[in-house]
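> Sequence:
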Amino acid sequence: MKNNLKYWVGGLALSAILPSLSHAEIDVISKGQFSNSLLSPLSFQFGGQIRPEWVNNMGDEPSYMRNGHDGLSRLRFTSKYALSDQTNFIGYYELGINVPKILDLDGHYKENAHRTTRRLAYVGFEDEKYGTLTYGQQYGMYYSVIGLKSDVWDNDGHAGATGIGINGLYDGANRAKNSLMYTNTFGPYKLYLNYLFPEKSIDGGAEQFYKRQSGEGIGLDYSLNKTTTLSVAYSHTKAKMFDLHENSQNYDQNIVGSAITLTPSQWYLVATASYYNDFVPATENQNIKHYFAGDGYGLEAFAGYTFKFDKVFLKSVQPFVAADRLKLKSNNDFHADHQYVGLSTNFGHGIKVIAEHTFASTTDNAEKDSTWLTFFLSF
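If you use mature numbering (1 follows the signal peptide of the UniProt record, and there is no 0), the sequence shown corresponds to residues -24 to -1, 1 to 355, in order.
Everything labelled a hint here was simulated from the structure, so no lab data went into it. Just so we're clear, the structure is a prediction, and the values are computed from it rather than from any experiment. Among the hints, erroneous ones may be present.
[What the hints assert, rightly or not] Under the rule of at most 30 Å between Cα atoms (straight-line distance), these lysine-lysine pairs were calculated in the DSBU-like manner: (1) Lys305 / Lys328; (2) Lys216 / Lys305; (3) Lys187 / Lys265; (4) Lys202 / Lys105; (5) Lys56 / Lys166; (6) Lys187 / Lys303; (7) Lys328 / Lys77; (8) Lys291 / Lys344; (9) Lys105 / Lys7; (10) Lys176 / Lys86; (11) Lys56 / Lys105; (12) Lys328 / Lys287; (13) Lys328 / Lys86; (14) Lys176 / Lys216; (15) Lys305 / Lys214.
Build out the structure end to end from the sequences listed, making use of the hints.
Below, the structure written as structure tokens:
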């Protein structure tokens, strides 16, 4: 197909119909559905989210951003097999899909974009008493404990560890590959432990390569009361940078994150503070011996109030404001500040729309203000 917006609009209209038919995950197989004793404990669910998105930058930008593109659509597959009344074998798979790329809509996707991407894939055991143990590609320590709580507006992730490292799939801060995670709840406390196994090397640019050797982390949520949660997490990754000329440098990457989440009445308030050591790539004079900025910190804050309407086609509206700051201290100082204003509208039937504007200020003036419009069509 050629560059023609009517196809993308048509796909959006079709996608909008699908969520209206369902309000949650689709039960493909329900527990007890089969009379066979081996199949009776099995359950399987399917769901997903289509995310058409438009971004208008106050400066140069790829045309696909403004034309309409995919904002990280995904399909989810969840399975569970009951081994006893309190113990289950579990599996989860999440596939990222680039709808315009799949439909071959020229001008609506980045050059060389993939049609599909594996986002998450893990298996494990959950037990009411002994907790949950999973292995595979799954959320790392930082995102599980800190990042998830502030991942509530659209153009976020500029100061949290999730999106500012060399690659969140390998440094462990986002959807860590080849990782082990254990969680359990003890009264008001939720404990997190994880381990990162060695991974293959990845391209770090300029003929430099990054290889994760190992990693581990610990995190804790403390529910102070029904509306207040305190969180803290520590993550360490042992890695090596090397080039094609046998030069190399070992790094001990450290992240310390903290968060406070408040949910009084119809408010959602969250603030995070994180410290980074040899984690964020340096912005200048980057080489094997100085690939990462030595020290830095990130701050985030979000405040949103939800007005509930509970009408057939209008469930709620949430105006919000947010801000973040990333500061790096090394051979060169760097800062990036953002302020956000936005409106999140929930129409019900799996349809939500977020409109927001970002005010950006960075040391190098490389980032411009931008306006985002994203549809979230869930099924």
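> For every hint, state whether the structure bears it out.
Verification of the hints:
{"no.": "1", "hint": "Lys305 / Lys328", "verdict": "39 Å, violated"}
{"no.": "2", "hint": "Lys216 / Lys305", "verdict": "21 Å, holds"}
{"no.": "3", "hint": "Lys187 / Lys265", "verdict": "15 Å, holds"}
{"no.": "4", "hint": "Lys202 / Lys105", "verdict": "22 Å, holds"}
{"no.": "5", "hint": "Lys56 / Lys166", "verdict": "22 Å, holds"}
{"no.": "6", "hint": "Lys187 / Lys303", "verdict": "25 Å, holds"}
{"no.": "7", "hint": "Lys328 / Lys77", "verdict": "23 Å, holds"}
{"no.": "8", "hint": "Lys291 / Lys344", "verdict": "33 Å, violated"}
{"no.": "9", "hint": "Lys105 / Lys7", "verdict": "21 Å, holds"}
{"no.": "10", "hint": "Lys176 / Lys86", "verdict": "26 Å, holds"}
{"no.": "11", "hint": "Lys56 / Lys105", "verdict": "17 Å, holds"}
{"no.": "12", "hint": "Lys328 / Lys287", "verdict": "14 Å, holds"}
{"no.": "13", "hint": "Lys328 / Lys86", "verdict": "25 Å, holds"}
{"no.": "14", "hint": "Lys176 / Lys216", "verdict": "11 Å, holds"}
{"no.": "15", "hint": "Lys305 / Lys214", "verdict": "21 Å, holds"}
The earlier numbered hints that this structure contradicts are 1 and 8.
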